[in-house]
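Engineer: As given, the protein sequences belong to chains S and U, one line each in that order.
Using our numbering, read the first sequence as starting at 1369 and increasing by one per residue.
Using our numbering, read the second sequence as starting at 1369 and increasing by one per residue.
Fair warning: there could be bad hints in the mix.
Claimed, not checked - Covered stretches of chain U, as calculated for chain S (at least 3 residues, CB under 8 Å):
1. 1407-1418
2. 1562-1570
What the hints assert, rightly or not - If you want the ones that stay clear, here's a sample from chain U, every Cβ over 10 Å from chain S, calculated:
3. Arg1376
4. Asp1401
5. Val1428
6. Glu1435
7. Val1437
8. Ala1441
9. Thr1463
10. Gln1480
11. Leu1482
12. Phe1493
13. Asp1508
14. Asp1514
15. Asp1552
Since the hints were made in silico from the structure, they are not lab data.
All figures in this text were calculated on a predicted structure; none of them were measured in a lab.
Glycine included, C-beta positions come from ideal geometry on N, C-alpha and C.
Protein chains: 2
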Amino acid sequence: MAEPILRRGLLYVLSSPSGAGKSTIARKLLAADDEIGLSVSATTRPQREGEVDGQDYHFVSNARFDELVEQAAFLEWAHVFERRYGTLKSEVRETLDAGRDVLLDIDWQGTQQLKQVDPDIVRVFILPPSMEELERRLRDRGTDSDEVIAGRMQRAADEISHWAEYDYVLINDDADSCAAMAIDILHAERLRRNRRTGLVDFVRGLTG
Amino acid sequence: MAEPILRRGLLYVLSSPSGAGKSTIARKLLAADDEIGLSVSATTRPQREGEVDGQDYHFVSNARFDELVEQAAFLEWAHVFERRYGTLKSEVRETLDAGRDVLLDIDWQGTQQLKQVDPDIVRVFILPPSMEELERRLRDRGTDSDEVIAGRMQRAADEISHWAEYDYVLINDDADSCAAMAIDILHAERLRRNRRTGLVDFVRGLTG
């Protein structure tokens, strides 16, 4: 078997309203494929029970977040519910330098910013099968009050209104088949000519 | 399970130098997926033993080909070795109307023409692992003289020189894994937002 063709790392964006199953899809995608790693976002929101700092998020203070913004340390950052979330350049660079793709779990605001920095990102949006199902999933978490749920449903509608800004749109009827589609997209996007930087040398070697 | 989302049929172009294994990949792709059908080209070249008219090609006379050109019956057509090959609009339309994607086995000339008619085509180029392997495959057919082989090798180099005009480039080290990559691409391209025309209604139904 020949050497694998050298390729450029991929920025793979996954967006969806909260409750559409994005975290499950992300987990399945990361488990199914060794060549992609998650970009852990920095956030000013408080750490929840069970969350691990540096794994789920980099939990930082408002002052620290301000500093990072000032240092231009973010690829993108956004306000969500008066909290801030951002993608650290260092986080993404580390993964790309290790020859792996980067999975970014960010919202439409972050995606818009990232698209301006790097037009070559792959943007995937996950829709819930219905708003009833979305609300059921939000309630099943059992962590939020009715008021918070209502706010999340409003925000979900806002997030969904940006579906047409994405390259691919999946409906999460079933987590396994939705994850399989997300993986198909990852594998296909890796095969794009413009990302397979080693092809130039390969073809040169082929035809002299 | 919900209704499948309505989508627009796909034109999937497969090009490669003769001997790179394109026919095998095409056969495997068609066998693995029910929703894609082959566009059978019209040609003025003579029918070979074992070939079936209307299945391998539509074999037509030079005069008939002229007529079809005059009637603007072709989506694209090209000269190859003083023979002509073309894709009939009727052939493609029939498959798309049946709600299926169309696989087109055409060369770089046809691909360029088709891209101008429909910018949304998916272009996949298949490279041989080496020129030695390509020549071996051409000789193994046992049907051609040294002179014809030399001509085909020259034409292969010409065809390969157009590799960078394609969206995806695959190296055919192994037919099964190459076909699997071609199928990944097909499945992913079907999930592109702009091809899933039913999404507009789906999202409208979702958020009212």
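Engineer: Tell me, in ascending order, the numbers of any earlier hints that this structure violates.
Structural biologist: 1, 12 and 15
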